[in-house]
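A.B. asks: For reference, the chains in residue letters:
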Amino acid sequence: MASSIRVRATSKDDITEVQTLIQHPMDTGLVKDAKGETIPAHYIQELKFECNGKEVFVANWGTAVAKDPYVKFSFKGAKKGDDLKISWTDNKGTSDETTAKIA
Amino acid sequence: MKLRILLLLGSACAALVAFALASPRVIAADTVDPATDAKAFQNFFFQKFPGVKHEDFVNGPYSMNEDMKRQWLEKEEFPPYEFALDAGKEMFATPFKNGKTYADCFPNGGIGIRQNYPYFDSKEGKVVTLELALNRCREANGEAPYSYVKDEMASLTAYMAFTSRGKKMDIKIPDDPRAREAFENGKRYFYTRRGQLNFSCASCHVQSPGERIRAEVLAPALGILNAMPIYRSEWSGMGTISRRFITCNSQTRAVPLEPQADEYRDVEYFLSYVANGLPISGPGARP
Amino acid sequence: MTTTTGPHPTRRLILQGAVSVALIGLGNLPFAPALAAANDKYPDEAFKLKNEAEAIKALYGKTPEPSDKIKLDAPEIAENGAVVPVSVTTTLDKVTSISFFVAENPNALAASYRFPDGAIPAVANRLKMAKTSSVTAIVEADGKLYSATKDVKVTVGGCGG
Chain P
44 MASSIRVRAT SKDDITEVQT LIQHPMDTGL VKDAKGETIP AHYIQELKFE CNGKEVFVAN
104 WGTAVAKDPY VKFSFKGAKK GDDLKISWTD NKGTSDETTA KIA
Chain D
3 MKLRILLLLG SACAALVAFA LASPRVIAAD TVDPATDAKA FQNFFFQKFP GVKHEDFVNG
63 PYSMNEDMKR QWLEKEEFPP YEFALDAGKE MFATPFKNGK TYADCFPNGG IGIRQNYPYF
123 DSKEGKVVTL ELALNRCREA NGEAPYSYVK DEMASLTAYM AFTSRGKKMD IKIPDDPRAR
183 EAFENGKRYF YTRRGQLNFS CASCHVQSPG ERIRAEVLAP ALGILNAMPI YRSEWSGMGT
243 ISRRFITCNS QTRAVPLEPQ ADEYRDVEYF LSYVANGLPI SGPGARP
Chain W
340 MTTTTGPHPT RRLILQGAVS VALIGLGNLP FAPALAAAND KYPDEAFKLK NEAEAIKALY
400 GKTPEPSDKI KLDAPEIAEN GAVVPVSVTT TLDKVTSISF FVAENPNALA ASYRFPDGAI
460 PAVANRLKMA KTSSVTAIVE ADGKLYSATK DVKVTVGGCG G
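Chains as they are written, first to last, in the numbering used here: chain P, 44 to 146; chain D, 3 to 289; chain W, 340 to 500.
Keep in mind that the hints were calculated from the coordinates and are not lab data.
One should not assume that every hint holds.
Now the in silico label distances, taken between C-beta atoms and shown as ranges [unchecked claim]: (1) P:E80 to D:P97: 23 to 29 angstroms; (2) D:R255 to P:D125: 29 to 35 angstroms; (3) W:K408 to D:E260: 56 to 62 angstroms; (4) D:E186 to P:V74: 40 to 46 angstroms; (5) P:E98 to D:L75: 48 to 54 angstroms; (6) W:S473 to P:E60: 57 to 63 angstroms; (7) P:E140 to D:I215: 54 to 60 angstroms; (8) W:K408 to P:V74: 50 to 56 angstroms; (9) W:P445 to D:M93: 46 to 52 angstroms.
We put the beta carbon where it would ideally sit given N, CA and C, even for glycine.
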C-alpha cells in the first residue's frame, strides 16, 4: 500500500518550500450516502512537519478542509538532503507518516 | 494610380479572407469529407474565441474564464488526480496472473500512445476506444474486466494519458466505408437533440462554451476528450470518457447508453478526430 | 505516531460539556479561554463552535483588528465549494499562527496553522465552503491578533451530497 502522503520539498537560498497532498476522505459528518445513512465525520486533525528533529510547521484541521487535503508553506534553516518528517493523525485515531528528502 | 491598385489589392485580399472564412462551412454542408469537417469544426471555435490559444482549448472551461483558470493553476501545483495517476502507474506495471502485462497488449508498450485512440479496427468493423482495449487486454489474459466509468479504469487511462501529454491527437479514418460511417454516426449522435430537456451535445458544447448552465461553465467541444480522464470536484473523484458521456446524457434527462455502446464509441471517434492536432492534456482536473 | 493526540480524555469531555453549556446559555465561555493556538493541543472546542467570533475567541482568547499587512487570496467565485484554494501572506513580524474561518460554514473554524521560529508567515490550502460567505484569515503576531476578510461566492456548495 502506497503512502497516503505525497510531498515535494525544495530548498533554495536557505528557504525550503514544502507542498503536501494527503489522501484522506475528510468526511464532514453532514453528508448522507446512497442509502440515506449519514457518513460519520472522518478527518485529519493534526499534521506535523519536523526537520532535523525540530518542529517546523503544524496544521490543525477541522472538517472544512477539502478532501485529499493540500497545504503549502516555507521555512528557513534546512538544506538540500535534510530529512523532513511528515505525520498526521485523524479523529478516529488513524495515523500515517513519511520522511522525505529535501531536494 | 498606385493607390488605386493598392486599394484594389486590399479589397481583393479582404474578399479572399472572407471567402476563406466562410467557405469551410459551405463545403461542410455539401460533402461528407471528415477532413473538411474537422477543419470547419476547429475554425468555428477559433473564430468564436479569437483570444484563446489553439492548444488551450484542451483545458476546457479554464480556457474560457480567467478567475477559474487561476483556481485551476493553483490546484495543478499538486493536482487532485495525483493519487489516481500513481495507482495507474503501479497497476500498469503489475503483471497479470499469467505473467503478462498491459504493455504486451499495446504498441510501444502502451507508453505515449493515447493520441492514437480511438482507432477504427477494420477486422471488427468498429471503433475501438482505449478503455475498450484495456478491458479486452484484461480478458485476453484471463482477468475480469473493470468498470468502465471510474476507479481502476480511470487510473489506468490517467497513466496512459500522462505518458502521452503534449502529443497531438492523431486519429485516422482509414479508407473503409464503415469507418466513414462510424464517423458520420458519431457526428449525428453529437448533433441530435434528445432527453426531456431536448439538448444535443452541441447545444451546450458548441453553441455555448464559456457560458454558465446553472452554476457550471461549459467546456468547448473542441479538445474536450484530450483532457480525459478527469478528476471532477463535483464527483469528488475520477471519471473516464464513458462516465462523461453517461453524465452528459443524464444531465439533459436523456436515458444514458451502456458504457462502450456503439454510439458512444462513434461519438468518441468523431470528437477525437475533429480535435486532431491538439495536444493530449490528460489527466485533467475539472470543477 | 500512534493514536494519542489528546492524552486527557476527561479534560476533553469537560471542555465539550462547557461548550454546550455556553451555546445553550449566553454565548459567553464560562471558563478562562484555553488559548489553544498558543499551546500544543488540538483545539477541539474552537472547531466545534458555529459562530465565527466565538470560535476566534475560543482559539485565541481575544479579538482581532483588521490589518492591511495581510494579503488574503481567494477566488471571487469558487468553481466548486468542495475545493476552494485560499492562501495568505503577511508582512507582519513574529507570526506564531495563521487561522482560516468561513463564517457561513456549519463550523466557522476551518484550519489553524502554527509557525515555530524559522517558518515563513505564509500558507496556502484548499477549503470547503457550504455557500457564499466571507473568508477570514487571522494572523497572530507578537501576541496580537490581526485579520483580513474576503467574500467568496459559492454557486455549487461543498458540503451537500
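A.B. asks: Hint by hint, say whether it matches the structure.
C.D. replies: Hints and how they fare:
1. With their beta carbons about 39 angstroms apart, E80 (chain P) and P97 (chain D) fall outside the hinted range of 23 to 29 angstroms.
2. Checked against the given bound of 29 to 35 angstroms, the beta carbons of R255 (chain D) and D125 (chain P), roughly 57 angstroms apart, lie outside it.
3. Range check, K408 (chain W) to E260 (chain D): about 59 angstroms between beta-carbon atoms, so the 56 to 62 angstroms window is met.
4. Roughly 44 angstroms separates the CB atoms of E186 (chain D) and V74 (chain P), a value that falls within the hinted 40 to 46 angstroms.
5. Between E98 (chain P) and L75 (chain D), the C-beta spacing of about 31 angstroms breaks the proposed range 48 to 54 angstroms.
6. Take S473 (chain W) and E60 (chain P): their Cβ atoms lie about 29 angstroms apart, and the range 57 to 63 angstroms is violated.
7. The beta-carbon spacing between E140 (chain P) and I215 (chain D), approximately 44 angstroms, falls outside the hinted interval of 54 to 60 angstroms.
8. For K408 (chain W) paired with V74 (chain P), a C-beta distance near 38 angstroms fails the hint of 50 to 56 angstroms.
9. For the pair P445 (chain W) and M93 (chain D), the supplied restraint of 46 to 52 angstroms is violated, since their beta-carbon distance comes to about 38 angstroms.
Of the numbered hints listed earlier, those contradicted by the structure are 1, 2, 5, 6, 7, 8 and 9.
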